[in-house]
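Got chain L sorted already, so can you dock chain V onto it with the hints?
Just so you know, the sequences run in chain order L and V. Residue 569 in this note's numbering is what sits at position 261 of the first sequence, and the numbering runs on without skipping anything. Residue 119 in this note's numbering is what sits at position 94 of the second sequence, and the numbering runs on without skipping anything.
If you are wondering where the hints come from, they were derived from the structure by calculation, not from laboratory data. Remember, predicted model here, so these are calculated numbers, not experimental data. One should not assume that every hint holds.
Covered stretches of chain L, as calculated for chain V (at least 3 residues, CB under 8 Å) [claimed, not checked]: (1) 380-394; (2) 416-422; (3) 458-466; (4) 488-497; (5) 527-535.
Virtual Cβ for every residue (Gly too), placed ideally from N, Cα, C.
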Amino acid sequence: MAIHEKHLIRPENIKSHDKLVMDGIDISGHWSTFIETRVVKDYNEDLQEEISALPGGENVHRCWQCGSCTNACTVNAINPDFNPRYWIYLIRMGMEEELLRDKEIIWQCVSCNKCTYACPRDVAPEGVMKATSHWLELKGHTKPSPSTIFDDVFSSQVINTGKIEDGLVVRNFFKRTGQSLNQPWLVEMVKRMMAHLPVTMLMKLGLSTVLRPRTQNWGGARDAINEYVAEQDAHHRKALGLESLVEMAKQEAAVPFKHAAE
Amino acid sequence: MTDNRTDKYKKVAYYPGCALEGTGHAYNRSTKEVGKALGLELEDVKNWNCCGAMEVKNIDPKVQTYLSSRVMSQAVNEMGHSVVMAPCNGCYHNLKKAEYDLKNDETSRQVVDRISAKAGHKTYKAGEIETIHALDWIKHGIGEEGLKSRVKKSLKGMKVANYYGCMYTRPRHIFPEKDKGAGSESTSKPHFMDDLLAAAGAANVDFPLKTACCGGAHTLSDSDMSTKLVLNILKAAEASGANVIATECPTCHSGLEMHQIRAEKKFGVKTNVKILYFTQLLGMALGLSPKKVGVHENMSDSFDLLQQQGLA
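With the rest of the complex left out, here is chain L (with noise of 0.2 Å):
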């Protein structure tokens, strides 16, 4: 059975009965489990170009479905579901519903690099794991995960600014996804770092909150960086289409509009 029909033989896509004759002859049992007749028409044409066109996506074509990326990864030793080698065969095929199956653990890649390391066609998995979490988010199939929302905050301070300073990078984290600080093991964390520390170490830290580090003179590459940036998503959203939508529905917005005006 090829890797693609795994489907098939999940559970709740296998027939069986648990008293069955055909022809005079008791199949009961195990000869009595079936896999449904099936016409498979949800490809999406344009799944591998799309991913393609994002970044760390861009050699997925190469995939020769060797394994060595699942077998190497992470992940996947503490969560069998996850599983690059079947997600990269899935876009490769444009199986686009059988991929959203498991578009919420996606984004749990740790960017170890095991698969890449591993990976004889330098595919790239690690790249492919991101552009497709990238794609889930774009297309709308997923909300920012958490991994992006911290991509988020620590990569806005860095480039406003040219450096990061952790404290206000997990702050900041905790307050959009909604989460105490208040947790016992955080608390029990904060006082064993400050148990040994002389007042002198505790108020220089206290200060650094306040005296954000920064980049001297980094105004010109902070507005280079954030033009670059804004001309890659406007990049990334049309080749995935998503530009042609947003008009399509700016019309159709206007339409109702254009009535009450009358």
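Relative to chain L, chain V alone:
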């Protein structure tokens, strides 16, 4: 490559990076102290910026390449250095990655050139500087023999699991100097930290998870995953007979410390293995006090162990 590095690494540009000014402060302090004790000079990269860490590449990989290239540009064009040393695996990895991309990819060169011009500084060009890790710096700048002759307090009771993490060896292609046979670092079984600590008298244990992942990228965004990954590492170290894990990356180090506490508080799984930066261990071997190398700044309280071993 043998071996003008003893001279070349005597004085290098130092790129501490953001983590070493925050949670990884003990690593910063101990690296500088070890440098002083060994007669290796560090000069801070002027007006440096963040390398992009693990996060900016997910917004756009080429922005990360630019950020790292600016650090190298500062070291070359503002200071005239030919070697930059980064103790943080993330910084080290990103500078190496930028070097690789600028050497091999035209689009990366164009993007970096464009942003550098608008930012108003000279574009960094591949080949202008050599990026090294703190491990390379000591291994080639002093060497095991040089280290042995300077040891004042042997680490002999310290059973060490050497933990290198992900970014020091992966992906292979950005580290062209590794896997070059005898004397070079290995990407599958790294040994520079083992070599240095052994020279300082430590008893290294056979540790299978040297390059396992601590989940550092998702330490807050997917904490349960990180706790599981860290517990694997802590338990494997204990099973290997280690009483301390030596680290060479601030993200790994704080990840191990943080999730050791989280595992205990949230899942009731307690582990006792201590966590110290390799520079802290080397510093104490060179006769520096635990305070001098920032042991009091660690969350993992190792004073009892250090006292037992006569290091504190």
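Consistency of the hints with the structure:
As drawn, the segment 380-394 of chain L meets chain V at 3 residues by the rule of a beta-carbon pair under 8 Å; at three or more, the given contact holds. Against chain V, the segment 416-422 of chain L contributes 6 residues with a C-beta closer than 8 Å to a partner C-beta. That satisfies the three-residue criterion, and the hint holds. Evaluation of the coverage hint for the segment 458-466 of chain L: fulfilled, as 6 residues show C-beta separations to chain V shorter than 8 Å, against a requirement of three. With a threshold of 8 Å between beta carbons, the proposed coverage of the segment 488-497 of chain L by chain V holds, since 4 of its residues qualify and at least three are required.
Under a criterion of three residues with beta carbons nearer than 8 Å to beta carbons of chain V, the stated coverage of the segment 527-535 of chain L is upheld, 6 such residues being counted.
Violated hints are absent here; each numbered hint is respected by the structure.
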